[in-house]
Structure formats: C-alpha cells, structure tokens
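Using this note's numbering, read the sequence shown as starting at 608 and increasing by one per residue.
Since the hints were made in silico from the structure, they are not lab data. These figures come from a predicted structure and were not determined experimentally. Among the clues, some could well be false.
As the list claims (entries may be wrong) - Here are the computed distance ranges between Cβ atoms for each label pair:
# : residue 1 : residue 2 : range
1 : HIS679    : ASN724    : 27 to 37 Å
2 : GLY659    : GLN738    : 28 to 38 Å
3 : PRO681    : ALA735    : 25 to 35 Å
4 : ALA685    : ARG636    : 32 to 42 Å
5 : GLY696    : GLU630    : 29 to 39 Å
6 : ASP715    : ASP661    : 27 to 37 Å
7 : THR698    : ARG733    : 17 to 27 Å
A virtual CB, placed ideally from N, CA and C, is assigned to each residue, including glycine.
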Amino acid sequence: MKWLLIGFALLLCPAVAKADPCEGRLPDRAGQTFSGVVRYVGDGDSLCVGPGADPSTWIEVRLSDFDAPELHSPNGRAARYRLSTLARGRTLNCVAVRGRNGRVIVYDRVIAACRLNGRGVGDLLRAAGGQEGGNQPPRLDRRPNMR
C-alpha cells in the first residue's frame with residue numbers, strides 16, 4: 608500500500624521543466640556573427656535564434672543592449688510579451704559581445720547585440736514602450752556598430 612501511494616504521488620508531481628529548449632552550440636568569441644529566426648522567447652531580454660525547427664540548432668541569446676525586468680517581477684511577463692511580439696518568427700542578425708564580466712557566454716547564453724531590419728533590438732523595444740529594469744542599465748559600449 609505504501610508503494611502504491613508513493614507511485615500515485617509521483618504521478619501527480621510535474622516533471623522538472625527545462626528552462627528553455629535552446630540546445631545549439633554557442634559562439635564563444637566576441638565578434639562572431641550569427642543569424643537566425645527567433646524560435647523562442649524566454650523573457651524580456653533572452654531569446655533563441657535558429658535556422659529551423661530543430662532545437663539542437665537554436666542559439667540562446669542574452670540581448671546586450673536591453674535589460675528587461677526579471678520575469679518574476681511585476682512587469683516581467685509584459686516585457687516577455689513585448690519581445691515576443693516584436694521578434695518571434697523574424698530573422699535577427701547578431702554579433703557576440705563581452706559582458707561586464709568580460710565573458711561572451713554567461714548562464715549558458717551568448718551575450719549579443721542583435722539587429723532586426725538594421726535596427727538594434729534594444730532600440731526597438733524602447734521605441735515600443737519597453738521599460739528597462741533588469742540587473743543593470745544599458746551601456747553604449749555594449750552596442751557595437753553592426754552593418
């Protein structure tokens with residue numbers, strides 16, 4: 608009986624969800640360029656780009672030029688919705704950059720400046736009313752000149 612109850616309890620417990628489906632190899636040097644269609648939006652400043660439907664080719668990106676409110680904060684879900692509305696299904700051109708700690712990869716994401724139709728995604732988010740409120744304010748030196 609004890610084992611039956613334990614088994615039933617395990618069935619009721621949800622499986623641990625993966626934070627995001629992005630499994631592609633990350634660019635590991637500043638200046639590396641990559642592009643792809645936005646396949647997934649994790650929060651207001653993180654997304655995945657990839658060439659097709661296979662998550663093993665998706666690159667997880669942390670936008671370098673916009674610091675959205677954290678997902679669990681009062682404006683976090685609105686920030687994710689704004690980024691999703693702006694970018695999901697559209698092609699971004701990105702360049703890997705160094706973060707404030709000098710690294711290109713942080714928390715299994717590449718820090719990158721991304722452009723949509725020639726405009727910085729951070730600038731587009733601000734123009735759409737996006738409010739910053741993440742871990743740090745944007746810095747101009749994190750917005751490299753991209754052609």
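Evaluated hints:
| no. | hint | verdict |
| --- | --- | --- |
| 1 | HIS679 / ASN724: 27 to 37 Å | holds, 31 Å |
| 2 | GLY659 / GLN738: 28 to 38 Å | holds, 33 Å |
| 3 | PRO681 / ALA735: 25 to 35 Å | violated, 18 Å |
| 4 | ALA685 / ARG636: 32 to 42 Å | holds, 34 Å |
| 5 | GLY696 / GLU630: 29 to 39 Å | violated, 20 Å |
| 6 | ASP715 / ASP661: 27 to 37 Å | violated, 18 Å |
| 7 | THR698 / ARG733: 17 to 27 Å | holds, 21 Å |
Checked against the numbered hints listed earlier, the structure breaks hints 3, 5 and 6; every other hint is satisfied.
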